[in-house]
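Chemist: Model the full assembly from the supplied sequences, consistent with the hints where possible.
2 protein chains.
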Amino acid sequence: MAEKIYVIGHKSPDLDSVAAAISYAELKNKITQTDKYLPAAAGEVNRETAFALEKFGFSKPEILKNAAGKKVILVDHNEFSQAVDGIKEAEIVEVLDHHKIDFSYDKPIEFRVRPWGATCTLIAQLAANNGVELSQNMAGLMLSAILVDTVITKSPTTTDKDKEIIEKLSQIAGINWQEYGLELFKVRSSVSDLSAPEIIKSDFKDFEFKSGKFGIGQVETVDLNEFKDRNQELLTALGELKKEGGYHSVILFITDILKEGSLFLVASSDEEGVGKALGGKLENGQAYIDGIISRKKQVVPKLTEAFDK
Amino acid sequence: MAEKIYVIGHKSPDLDSVAAAISYAELKNKITQTDKYLPAAAGEVNRETAFALEKFGFSKPEILKNAAGKKVILVDHNEFSQAVDGIKEAEIVEVLDHHKIDFSYDKPIEFRVRPWGATCTLIAQLAANNGVELSQNMAGLMLSAILVDTVITKSPTTTDKDKEIIEKLSQIAGINWQEYGLELFKVRSSVSDLSAPEIIKSDFKDFEFKSGKFGIGQVETVDLNEFKDRNQELLTALGELKKEGGYHSVILFITDILKEGSLFLVASSDEEGVGKALGGKLENGQAYIDGIISRKKQVVPKLTEAFDK
Chain P
0 MAEKIYVIGH KSPDLDSVAA AISYAELKNK ITQTDKYLPA AAGEVNRETA
50 FALEKFGFSK PEILKNAAGK KVILVDHNEF SQAVDGIKEA EIVEVLDHHK
100 IDFSYDKPIE FRVRPWGATC TLIAQLAANN GVELSQNMAG LMLSAILVDT
150 VITKSPTTTD KDKEIIEKLS QIAGINWQEY GLELFKVRSS VSDLSAPEII
200 KSDFKDFEFK SGKFGIGQVE TVDLNEFKDR NQELLTALGE LKKEGGYHSV
250 ILFITDILKE GSLFLVASSD EEGVGKALGG KLENGQAYID GIISRKKQVV
300 PKLTEAFDK
Chain L
0 MAEKIYVIGH KSPDLDSVAA AISYAELKNK ITQTDKYLPA AAGEVNRETA
50 FALEKFGFSK PEILKNAAGK KVILVDHNEF SQAVDGIKEA EIVEVLDHHK
100 IDFSYDKPIE FRVRPWGATC TLIAQLAANN GVELSQNMAG LMLSAILVDT
150 VITKSPTTTD KDKEIIEKLS QIAGINWQEY GLELFKVRSS VSDLSAPEII
200 KSDFKDFEFK SGKFGIGQVE TVDLNEFKDR NQELLTALGE LKKEGGYHSV
250 ILFITDILKE GSLFLVASSD EEGVGKALGG KLENGQAYID GIISRKKQVV
300 PKLTEAFDK
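Residue numbers (numbering that gives the first Met the number 0), protein chains in the order written: chain P, 0 to 308; chain L, 0 to 308.
No wet-lab data here; the hints were simulated from the structure.
There may be inaccurate statements among the hints.
Said to hold, decoys possible - So, partial list: chain P residues that the calculated Cβ filter (under 10 Å) puts toward chain L:
1) H97
2) K99
3) D101
4) P107
5) F110
6) R111
7) T303
8) E304
Claimed, not checked - Restricting the straight-line Cα-Cα distance to at most 30 Å, the calculated cross-link-like pairs of lysine-lysine (BS3-like) are:
9) K160(P) to K35(L)
10) K106(P) to K70(L)
11) K296(P) to K3(L)
12) K308(L) to K10(P)
13) K212(L) to K87(P)
14) K209(L) to K209(P)
15) K70(L) to K296(P)
16) K212(P) to K209(L)
17) K212(L) to K106(P)
18) K301(L) to K3(P)
19) K160(L) to K70(P)
20) K301(P) to K70(L)
21) K87(P) to K275(L)
22) K106(P) to K308(L)
23) K70(P) to K308(L)
24) K160(P) to K106(L)
25) K308(L) to K212(P)
26) K87(L) to K160(P)
27) K162(P) to K29(L)
28) K29(P) to K160(L)
29) K70(P) to K153(L)
30) K212(L) to K308(P)
31) K29(P) to K162(L)
32) K70(P) to K162(L)
33) K296(L) to K87(P)
34) K160(L) to K160(P)
35) K87(P) to K87(L)
36) K160(P) to K3(L)
37) K106(P) to K301(L)
38) K3(L) to K162(P)
39) K64(P) to K308(L)
40) K167(L) to K106(P)
Ideal placement from N, C-alpha and C gives every residue a C-beta, glycine not left out.
Modeler: This is how it looks when you write it as structure tokens:
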């Protein structure tokens, strides 16, 4: 049997990273007429990922705990700080992503980044370029990922290309994407049965800035009130995570996708600086900031500007 | 008039970086139906570049000395250490390359790297993907670049994709590529009227390793004897360049493309270490090493392994 190549997303897998792993492994197998590409995840999948996998009849991908000695294709991330353990001892054969780039590798490899709303948008485009038709279920899974990453096209990261692909995938999947998008976000933002650390970690990424390590989690909701009674519990959990993980700052922002603003909860060595960087003023580690809804396009650039100088 | 976007290759422009700038600017203008993309070079073009530009009726691209405040597309490189001055104050809108990646930027951009033999191979493929036909002269210019970068398909960097594109461009240009390749290399390796510093700088790149700055130049020839009487002069010039530029090592390797090996001339703070890293033994700063003909695929990885730990 040919050597396996794992197609794997970032740690704290979200729907786009898991759907990208599954759909890109299948696309690569079809293009190369092999079965050597295998989807994997760098950890347990989150709630809406499990929901979408089940809805469209996919099993959860294999969990790869350590990639040392393996061949991997990185999807939906390129920074080693976000990658599966062992990445520095892995052979990276390809990268497919839509995030900012911070990457270094000692030989030339296939590397595709587009500033689009989701990695699955790239994969749908690549399938079309290669004349590969997507099945109804695969289109449904990829559509789910794009709807979550673009916040049902409301996120400022949404491009015309995403909208074009959303329409196309909706047709193949036979789904009304506006209605289905709201259903997905209800599943996603239902936090009643989650502990505070689980809420923080549900979509959480590390960033290494010159001032120190930042951990940034995001939760989206259609109703901020759902979190009202749990803010103090979440702040306590953020403080513990900051201490245990040696963070400069740990941030959870709860985005109201209908109001298009976010409540920031922050545990930081420089609370005033973080508030200032985000354009608000934190009181008791909290601030609602209107207009901020994207980690990638708004929060990370603002923090980079302030803390990576 | 719309804001210009400069398409620009690396410092010490070679044929692939100049042909890529010219052909990609034209392709982008055609795809976007604008004229805002403008080819540029980060310095004076070298000998075979001037030859190919004249042969196919292109004028030399504008020299951009500093990119600060400008929008740029980087072609044929991605590392800031090789880019035009002012790159950190420029807005990078896209990258198109075939080298190893060492890149960091604070927002997502279009980034295309393929492990192929030349940037012009990528551009020819992109033109085909976008249904854009290349003119006879543009095909000739791009063919010239691929023949130089792949050493007429003899370099280990040559892929099946390069060979496919070489055949295709040869047909469009109406050129016998084997014969034309030898003609190009005769122009390229004619050094009789060049000074030693000019020979060293004709295709020269800087690399920042943990041990210090390395400068690596390459010259290809069809006859090593052409250099025999000038080795000492070249070594002296390398020593001066090392001192003036604050280099750990300055290396010129003269590749005999028919014998498929290279004569290394080295001025280094650690001559023994450089020889060892390359798999040879330097005597008086010189060693012929069989089988080494590629900076990107052989020399840089070997030096990275030894001096970037």
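Chemist: Would you pick out the hints that fail for this structure and give their numbers low to high?
Modeler: Those not satisfied: there are none.
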